[in-house]
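If you read the sequences in order, they're chains A and B. If you read the first sequence in the working numbering, its first letter stands for residue 1, the second for the next number, and so on. If you read the second sequence in the working numbering, its first letter stands for residue 1001, the second for the next number, and so on.
Hint data in this document are derived by calculation from the structure and do not stem from the laboratory. Computed from a predicted model, the values in this text were never measured in an experiment. Treat the hints with care, as some may be off.
Said to hold, decoys possible - List of simulated lysine-lysine pairs, DSBU-like, C-alpha gap at most 35 angstroms:
| id | chain 1 | residue 1 | chain 2 | residue 2 |
| --- | --- | --- | --- | --- |
| 1 | A | K5 | B | K1019 |
| 2 | B | K1195 | A | K170 |
| 3 | A | K174 | B | K1144 |
| 4 | B | K1049 | A | K166 |
| 5 | A | K58 | B | K1170 |
| 6 | B | K1019 | A | K63 |
| 7 | A | K47 | B | K1204 |
| 8 | A | K47 | A | K58 |
| 9 | B | K1166 | A | K19 |
| 10 | A | K185 | B | K1144 |
| 11 | A | K49 | B | K1004 |
| 12 | B | K1019 | A | K174 |
| 13 | A | K195 | A | K166 |
| 14 | B | K1204 | A | K170 |
| 15 | A | K195 | B | K1097 |
| 16 | A | K188 | B | K1170 |
| 17 | B | K1097 | A | K188 |
| 18 | B | K1004 | B | K1063 |
| 19 | A | K19 | B | K1165 |
| 20 | B | K1019 | B | K1004 |
| 21 | B | K1195 | A | K185 |
| 22 | A | K170 | B | K1143 |
| 23 | A | K174 | B | K1058 |
| 24 | A | K5 | A | K47 |
| 25 | A | K185 | B | K1004 |
| 26 | A | K204 | B | K1166 |
| 27 | B | K1188 | A | K170 |
| 28 | A | K185 | A | K174 |
Now for the letters of each chain:
Protein chains: 2
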Amino acid sequence: MIDKKTQIINVAVELFAEKGFEGTSIRDIATTANVNVAMINYYFGSKEKLFECMVEQKAAYTKDILEEIVNNEKLTEIEKIDQIIDSYVTRLFSNRKFHRIIHHELMINERGVLQDAIVNLLTPNSFVIRNVIDAGIKKGTFKKVDSLLVVATIVGTINQVLLSKKFCNKCLNKEAEYVPYDDAKFRKRVSDHLKDLMHSYLLKN
Amino acid sequence: MIDKKTQIINVAVELFAEKGFEGTSIRDIATTANVNVAMINYYFGSKEKLFECMVEQKAAYTKDILEEIVNNEKLTEIEKIDQIIDSYVTRLFSNRKFHRIIHHELMINERGVLQDAIVNLLTPNSFVIRNVIDAGIKKGTFKKVDSLLVVATIVGTINQVLLSKKFCNKCLNKEAEYVPYDDAKFRKRVSDHLKDLMHSYLLKN
DNA sequence: AAAAGTTAATTAAACGTTTGTTTAATTCAA
DNA sequence: TTGAATTAAACAAACGTTTAATTAACTTTT
Chain A
1 MIDKKTQIIN VAVELFAEKG FEGTSIRDIA TTANVNVAMI NYYFGSKEKL FECMVEQKAA
61 YTKDILEEIV NNEKLTEIEK IDQIIDSYVT RLFSNRKFHR IIHHELMINE RGVLQDAIVN
121 LLTPNSFVIR NVIDAGIKKG TFKKVDSLLV VATIVGTINQ VLLSKKFCNK CLNKEAEYVP
181 YDDAKFRKRV SDHLKDLMHS YLLKN
Chain B
1001 MIDKKTQIIN VAVELFAEKG FEGTSIRDIA TTANVNVAMI NYYFGSKEKL FECMVEQKAA
1061 YTKDILEEIV NNEKLTEIEK IDQIIDSYVT RLFSNRKFHR IIHHELMINE RGVLQDAIVN
1121 LLTPNSFVIR NVIDAGIKKG TFKKVDSLLV VATIVGTINQ VLLSKKFCNK CLNKEAEYVP
1181 YDDAKFRKRV SDHLKDLMHS YLLKN
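Make the full structure from the sequences, and use the hints.
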């Protein structure tokens, strides 16, 4: 039997992602996780602390992945970009529910404490990718591009695709039940598009 | 003195965008708009109907802009793409609060009725841009690209930049009070990046 | 090893707010 | 004088949180 504390977090990820922070009641979470309402405040102190705990837990896992690619000295800059794209597509597609919450809480201005926590979590990753591009420019293998916005393009394209299943299916002419994000073909299609785009934009002829 | 009904909608756009649908109470809206709480239900029937009304009102304005560009037969395909990028950046940057709500409601699975309305509003615009790209491919002036995902890249890049002022400022090394979205230089920077990106990706050499 | 004591886990119930909505009375304009 | 606009007040329901009581899981003592 799974730990009740992590059981609560797992359900919280699911429900917060589906209905937002305000849209999800702790009674929702409690009944779905098969625990008493009071357990949530018992373990986490408050609904907000539960949210923060959830972010921090995922943050720890997320941090190292990028650096492993970037610190691999056997790779050229464009190969690093390719691997970053592959890893981002895979990770965001798989953990899309969680990333939707992050996305959502970033947009909503209130609860500044959460905002700060999320921004402090995302900014370093953004800078890591930027550094790869700037290194390529310095070496002369990359064109002189706006590295900040190139990162926005990579992440933004993935986020745009993840925005709405309904919207995605409407564009793909698929039926409503189809889940494009779980389809390996579609994942490859997004990866290939981004790599193709970056190759033609970054590499000098 | 402005009409109370539109006064309510104006405030609703502002507050929904800042705090989300669930995060905004009709008492918030009422006091900010200087009307009685009951006026909202009197005019709109319910909180949800108010939201729908707000979307429909903005939708009417949004629809025609794209088609004017696309139907201009004096423009080549790449010129149309350039103008679409410019108009999108300008419009999304100016109406960013409203577009945040749309963004937000698209992500949240509940309230399927709103989702459908929004998807039905956005999909046609997406197809209009796709058609421009596909026309360029057919003419032989564009490379054979994944037009669906190219659209996702254009819109996604803009949305990514609009995601969070805090995040944006952190990347730009600006102080917290700075509003990059109102800075014409920054708008041009985003526009230029996207046009540059699309030229090098779409146009054959 | 059994009993007693102690802490942690868990529960149902209630707390005080806040929510969206409605009512019934009043003001206002035509 | 009629009908719409506007109000304050009340409504029931849902919210996050707390309480106080009970059960379970260990420790310590005998």
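Checked hints:
no.: 1; hint: K5/A to K1019/B; verdict: holds, 29 angstroms
no.: 2; hint: K1195/B to K170/A; verdict: holds, 27 angstroms
no.: 3; hint: K174/A to K1144/B; verdict: holds, 23 angstroms
no.: 4; hint: K1049/B to K166/A; verdict: holds, 22 angstroms
no.: 5; hint: K58/A to K1170/B; verdict: holds, 22 angstroms
no.: 6; hint: K1019/B to K63/A; verdict: holds, 29 angstroms
no.: 7; hint: K47/A to K1204/B; verdict: violated, 54 angstroms
no.: 8; hint: K47/A to K58/A; verdict: holds, 17 angstroms
no.: 9; hint: K1166/B to K19/A; verdict: holds, 24 angstroms
no.: 10; hint: K185/A to K1144/B; verdict: holds, 19 angstroms
no.: 11; hint: K49/A to K1004/B; verdict: violated, 39 angstroms
no.: 12; hint: K1019/B to K174/A; verdict: holds, 33 angstroms
no.: 13; hint: K195/A to K166/A; verdict: holds, 25 angstroms
no.: 14; hint: K1204/B to K170/A; verdict: holds, 30 angstroms
no.: 15; hint: K195/A to K1097/B; verdict: holds, 32 angstroms
no.: 16; hint: K188/A to K1170/B; verdict: holds, 32 angstroms
no.: 17; hint: K1097/B to K188/A; verdict: holds, 33 angstroms
no.: 18; hint: K1004/B to K1063/B; verdict: holds, 26 angstroms
no.: 19; hint: K19/A to K1165/B; verdict: holds, 23 angstroms
no.: 20; hint: K1019/B to K1004/B; verdict: holds, 22 angstroms
no.: 21; hint: K1195/B to K185/A; verdict: holds, 29 angstroms
no.: 22; hint: K170/A to K1143/B; verdict: holds, 25 angstroms
no.: 23; hint: K174/A to K1058/B; verdict: holds, 28 angstroms
no.: 24; hint: K5/A to K47/A; verdict: holds, 13 angstroms
no.: 25; hint: K185/A to K1004/B; verdict: violated, 52 angstroms
no.: 26; hint: K204/A to K1166/B; verdict: holds, 34 angstroms
no.: 27; hint: K1188/B to K170/A; verdict: holds, 32 angstroms
no.: 28; hint: K185/A to K174/A; verdict: holds, 14 angstroms
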